[in-house]
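Which chain is which? The protein sequence lines are A and B, in order.
Our numbering numbers the first residue of the first sequence as 1 and each following residue consecutively.
Our numbering numbers the first residue of the second sequence as 446 and each following residue consecutively.
Hints are computed from structural coordinates only; laboratory data are not their basis.
Treat each hint with caution, since some may be false.
Unchecked claim - Only pairs whose alpha carbons sit at most 25 Å apart, straight line, appear in this in silico SDA-like list of lysine to any residue:
1) A:K70 / B:K763
2) A:K401 / B:V733
3) A:K70 / B:I481
4) A:K70 / B:Q834
5) B:K452 / A:E78
6) B:K763 / A:E71
7) B:K711 / A:E78
8) B:K529 / A:E71
9) A:K70 / B:D487
Stated by the list, open to error - Listed next, the stretches of chain B that the computed footprint assigns to chain A, with coverage defined by at least 3 CB atoms under 8 Å from CB atoms of chain A:
10) 777-786
11) 822-833
Where is the CB? At the ideal position from N, CA and C, for every residue including glycine.
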Amino acid sequence: MKTKQNQQPACETTGGIKTKNHLLEKFDMDEIMNCMHCGFCLPSCPTYRQTGLEAYSPRGRIALMKGIAKEQLALDEEFEKNMYACLGCRSCETACPAGVPYGSLLETAREVIEENKKAKQKSSWIRRLIFKQLFSHPRRMDALGMALWAVQATGLQTLANKWGLIHVLPREMAEMQAAVDQVASPAKRRKRKKVMPAEGEKALTVGLFTGCMMDVMFYETNQATAQLLTKVGCEVVFIENQTCCGALHAHAGEKQDAIELAKRNIAAFEEINVDFIVNNAGGCGAALKEYHHWFLDEPEWLERAKKFVSKTRDVNELLFELPPLSFSKTIHARVTYQDSCHLAHGQGIRNQPRKLIQSIPGVEYIEMQSADSCCGSAGIYNITNFDLSMQILDDKMKQVKDTKAQMIVTSNPGCLLQMKKGIIRAGLQDQMEALHLMDLLQRAL
Amino acid sequence: MIPSDVKQQLIGIVGEKWYLDSSNDLYSYSFDATPIYQSMPDAVIIPETVEQVAAILKLANEHKIPIVTRGSGTNLAGGTIPIKGGIVLKMTRFNQIYEIDQQNLTATMGPGVITADLHHAVESVGLFYPPDPGSMRISTVGGNMALCAGGMRGLKYGVTKDYIMGLQYVLPSGEILRSGGKAVKDVAGYDMTRLMVGSEGTLGVITEMTVKLLPLPETKRTLIAFYKNLVDAARTVEKVITSKIIPATIEFLDQGTMKVVDDFAKLGLPTDMKSMLLIEQDGPEELVLRDIEKIAEIAQQEGAAQIEMAKTMEEGAKLLSARRAALSALSRLRPTTILEDATVPRSKLAEMVTEIERIAEKYQVQICTFGHAGDGNLHPTCMTDERNQEEIQRVEQAFDEIFHTAIRLGGTITGEHGVGLAKMNYLPLKVGDGGLELMKRIKEAFDPHHIMNPGKMFPSQGRRRLVVKSS
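With the rest of the complex left out, here is chain B (with noise of 0.2 Å):
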């Protein structure tokens, strides 16, 4: 409960218009886009500037409220439900892009703007930031940061965290403060710019960032090779790389997701095959071409059963429509859906999915896996009923073992998704006690009251992986 003074005194900073604590509005931001988890905020606000900003935070700091940063809700690992209720600070009104410098390369704007419309902007004049999660249309860049969003040109171009030049952020004490900038060099100090990159909203709150640009690649082919086993599909992502070519995107999807998109989107896939991978590449044209044709050679050699490859980018586009399908698809299958982030070295992806396929069998849950193979980030998604609890369970048994068997392969439990809620208990195995203790004194540092997206990233005592809390 926010006690009524203090409420008077946050309508005072942002307006009675953007304080809601009506049942609905609250309901309405008890989740996010993960499955499973709910929690009611006791308060939603949604400032306008860094100086709104700045007074919540040292309001609630004074009486140890939590503060929950969201933009628009669609990270799926509970990083903004509000587990412990407090403030959901939605950031939502700083949408404007202030100035995209084409001298430096760089854009600077809200954390609320939209990742899409990022893209739109820079693209329009002849500049390209290659970050692309799933949910881009929607996502602010922002939660992008927060969770360190990848997407499917990981591999060549890299994450979030490789684009995030210059940021302005608010502690909970109300002081706000800048880190990096413009310069391509800057070694003054920490670098706090890539410590805030991935801090899920445990440290400070993000009112401005400075991201690095591309110029926008001429021009990109597609090709997608058909497999009979996983080995050979794997096989061809090694030697691609191997052969000094870097494509922009390799996607890989299993065989039960083949079937499922087939059945959806009536495309025509060869169901009877293993797996199938989606190359792309960009770039000027005839380099484009080049790589393209070689990345078929070795697939053909790598024992590929049938290949094909788009003419035109349209056509490219089409061949996507398999992958982009798959989500929808898969979705469709149970009431819900639950879509993991273990990711493994290039060199394991063979083994790993094998694992996966393995571990569904042991436990009898459906998992169909999908990914990005080009990196290692698969999306083992798991079809499910939160209603069946005795499944749920097993469920939770076969994600347990796919998150030790990621860590075994020499990987980690999540690529982009981020820890939160979800995989929290999961952490240590990933960086070990110490590593556990030395960020938690980071956290101390910045957050002494731990008012800060409280109850995330660090593993509580003996909570279970999926936690259901209704109001």
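The shape of chain A in the complex, shown without the other chains (with noise of 0.2 Å):
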């Protein structure tokens, strides 16, 4: 794959004159010509689906670059509206016959976006605070985790609730909101072992990459992914220095960002000899690996992304490939799994967490149809793109419910959160639960 690469700061807009040539030049041109328009991706795309509208299909999004790069179209808002429309969730370079890689055609769509904006000094206030102010930085996703552990435990939640204060957000928070769980402590999160020995004879040691969101709102779920890990042998390390992956970061366009990120993670995972670094969210682990896409300017850099990249395993693909789990308990329930699309589209992981809930004894495993297919969930596109992804969450649940499950797993906490909500739309909170896969198996040991 060629790669354009233009690092050069751009657009130094003075007095008013658009100098967007440089951006226009971050392209893959070869990559965009390689769409030959079949419109095989239509049928996979979820937003194409719900709108029927080409603006809203990968090849008319792919169309919409070539417009943009050849200066056919303007640089605009519509522009903007129309590629953050896309959920990302590459479900059509699954269906697309020529292997174009719309992922990373996005990524670049959007970094021109920004970068233009940035230069026009239009950014959002609140991509700031997201981006820069949040997840960059893992202390205040601390605050974060602290704040919402202190509404949920001192019973806040439901003062607010009953005072109507939910209704003072704005409704995508307060849907979020409801479907959030318990979190740890943050004295819980401090205690932490550093390293938790393998159990029986040591055959591997592991960097746990507990990721950002997910070490705050779903510690549990870290914790159990290193216990199920020392229970096959891995000695688990938490390495200290980690940061967020910065896969949102690519998403949105703020690569610059999003580089800075990727260059902290693998600086703290060369400070220990790990054979492996393991994630269980497939949103960071399509990232993790595709860290060697983002330096292609940076010789040092890429070799260093590169052997990091070589180490990185999804959880599901490591239990699966070791020797197999051993349960104690029998968990007589039917389940059914939601693929998260990074993980499934981006990383091409679909049989192994099937296998491992299969694996689990009584689990009566039903499959879902269009299970690859998008939840809605989509890194921040349920606060960004509110209408559409609930809209796409409400078929969703209509093929959940169809599978007459109690149980709904995913393998990425976005997806996770995004099935609770659902559960909650679809009025079927007695009848189902939503959990990541790590804890049904830990739930079976």
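Join the two chains, each given in its own frame, into one complex according to the hints.
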């Protein structure tokens, strides 16, 4: 894959004159041209299925990128709306006969949009808050975690609900709030052991990539993941100084920030010699495995990134390859699985999680129709494109309901939150729970 | 441009939500699945009812605004490129199957139904709709009808025109008409249904269709045969047919395609072979097994170097994956992939493939050939780069010679993709000046103001085959 990268500071605007040519060179015209607009991606695209509109399809979006790159279209708000209406689920990559790397084309398009806006100083304060102030700073994520914990622990949530305070929040945040689990107390998180020894003979040393959101909202899932790994002979190391994977930044066009985060992670994991760097979030994992695509212009970092990537595994991959887990409990439940898009379409991992679920004694596994179609969570899409996200979710819940499952299992925190929200929206709270695969496996230990 | 008062009237007909004319929306309907062509429409309208279609057409006719009817935009002949601007009339909201009639073996639906959805719906009640174009997962039945789409099952089951029994359609004047219906026999006047099929949106807009269904075949079996030369493969096809066996599918891959497919899908194909045939038979189990064994025997006698037979339907599907991977594999080679559909009588298959190889060599372009050997419908596929003008010119010359060769061998310029923009200059070659004149007069009777898909099908003076028109 040839990728044209232009690392010059883009768009030095003076006196309102646009000099966007530098920016447009970022588009990889070879890959854009490789799209033969056959339309095979259309039925796989959740936003096309909802709207029926070409501009909401991968083929349409690539055409629009071409229009921008060839300066036939203006780099304006409409283009921005269309690029951000994409979930970035990459199911079109699975459907594409020509192997077009849509995910990276989309990242470039968004990068061009953001660079252009920065040049015009139009970046929104909400974006700055989310990307600069929150996801890039583990301590601040901690603070958010603490705040969430405090709200839950003190019963403020009930109070807020009772007083209708919840309605003061924007509805997007309100719905999300309703789906959030009990988060771990800060004290508990601080007390985590730095190393969890392997049970029995040590076969491997693995570093757990804890993630930012994962570690705040799903601390217990990280602990469960570590415990499962120790059961199959892994010594699990929690490496300090690791940070957010940068996926959300890259997907939102904040490429430089994403690159900075990647460098911090690469450096952090170089400090300890581990056999594998294991993550349990499909979205993060796909980004971690693509770090080497981010450093095409920095040879030294490219080598370091390649080494990092070669060690990166999703926990499903590793558990599937290692000796089988021995379970002591039986779980009598009908269970279905919702693919994480970036695990299935991004990393090609579909079979392993399903086999792991089926390995639990007592579980009756049922495959859901269109399980690998996006649930509408898609990073921060369910906040930025709330209405379309909810339409996609409500359609998904119809298929979930058809399975008559008691558990819907996922492999990514965003999907998990979305499924929890979906259960509430569909009124299925009494019949069904959503949980991360690692939590399900741990229950059966 | 659409005058603003007309725009307001059009919005009045369909509602604001279904009238699109922003720059991004227009741009995203400026192309279809055909390489290279592009042209901007003035508006995209997405109607929901036949009355809306009639009102839109009437208004467009009064103001002489072009109407380009579109389904999912997967055609390969430039048929839905709004080359003269105007309105792209997108029919995807007509996506309901109204009825599956198990007594009469028919299905009635809107033209926006996805072909694969129709397959699922009828197969779930044990019935069968055979046309299966490569794009069936997203193509609409209306588009299939407008282009008379074929597919892999053409040899035994025919093509779209063999299944359309009745239509409702709207003329540019706004008149709503019906032709045909559920009656198997119907000779009341000219066969307007057949005329509409394959008319490429140049006569009217289809708003409802009734199609013929068959009982779903009980089972199917597949075999592959590899050959050291082309002639043996072609002779196998002829011999199978003269032995009174009509397989559901006979697909052909040339050496170039095999190599690329194997490189891409790692199927372990013997790439030293010159060609391969993929043959599938369907029907009751006993008959299918008998036929497949007989076909294997014939292949052996005709000099197949290697034969593989699938024991189960699943194994058969795996063998078919080589054929299915062909387009994917080829399209990865170069940025632009031009897939053509020159067709010859079955008996000329070997000759045609040899000619295509010679022509590719002559013009120094990369062409691989695969296709539906059973019905002589080949897909010479050229891998090129539309940004290289000099090479594109050679590609154009090569295809020119391929089309002439197909005609010389008693075939046609297009088997299943249609004429559209891509092959309109070759139409006289096939139908002659008299034929062309008659077609124009038919068009005149339907569409006196030439608003229906203008600039298509009929050659315009001096236009080259490949036209890149940007906004």
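Each hint, compared with the structure:
1. Distance check on the hinted pair: A:K70 and B:K763 sit about 42 Å apart at the alpha-carbon level, beyond 25 Å; violated.
2. Of the pairs offered as hints, the one joining A:K401 and B:V733 is violated, with about 40 Å between alpha carbons and a cut-off of 25 Å exceeded.
3. The straight-line distance between the Cα atoms of A:K70 and B:I481 is roughly 14 Å, inside the 25 Å bound, and the hint therefore holds.
4. Distance restraint check for A:K70 and B:Q834: the Cα-Cα separation of roughly 17 Å lies within the 25 Å cut-off, and the hinted pair is therefore satisfied.
5. Pair hint B:K452 plus A:E78 holds up; C-alpha atoms about 21 Å apart against a cutoff of 25 Å.
6. Between B:K763 and A:E71, the direct Cα distance comes to roughly 45 Å. Violation of the 25 Å bound is thereby established for this hinted pair.
7. Restraint check: the Cα-Cα separation between B:K711 and A:E78 comes to about 43 Å, which exceeds 25 Å; the hinted pair is violated.
8. In summary, the hint linking B:K529 to A:E71 is supported, as the alpha carbons are separated by about 22 Å, within the 25 Å threshold.
9. The straight-line distance between the Cα atoms of A:K70 and B:D487 is roughly 20 Å, inside the 25 Å bound, and the hint therefore holds.
10. Judged by the Cβ-Cβ criterion of 8 Å, the stretch 777-786 of chain B is covered by chain A as claimed, because 4 of its residues qualify and three suffice.
11. Proximity of the stretch 822-833 of chain B to chain A, defined as three or more residues with a beta carbon under 8 Å from a beta carbon of that chain, is established by the 3 residues found.
Hint check: violations occur at hints 1, 2, 6 and 7; the rest are consistent with the structure.
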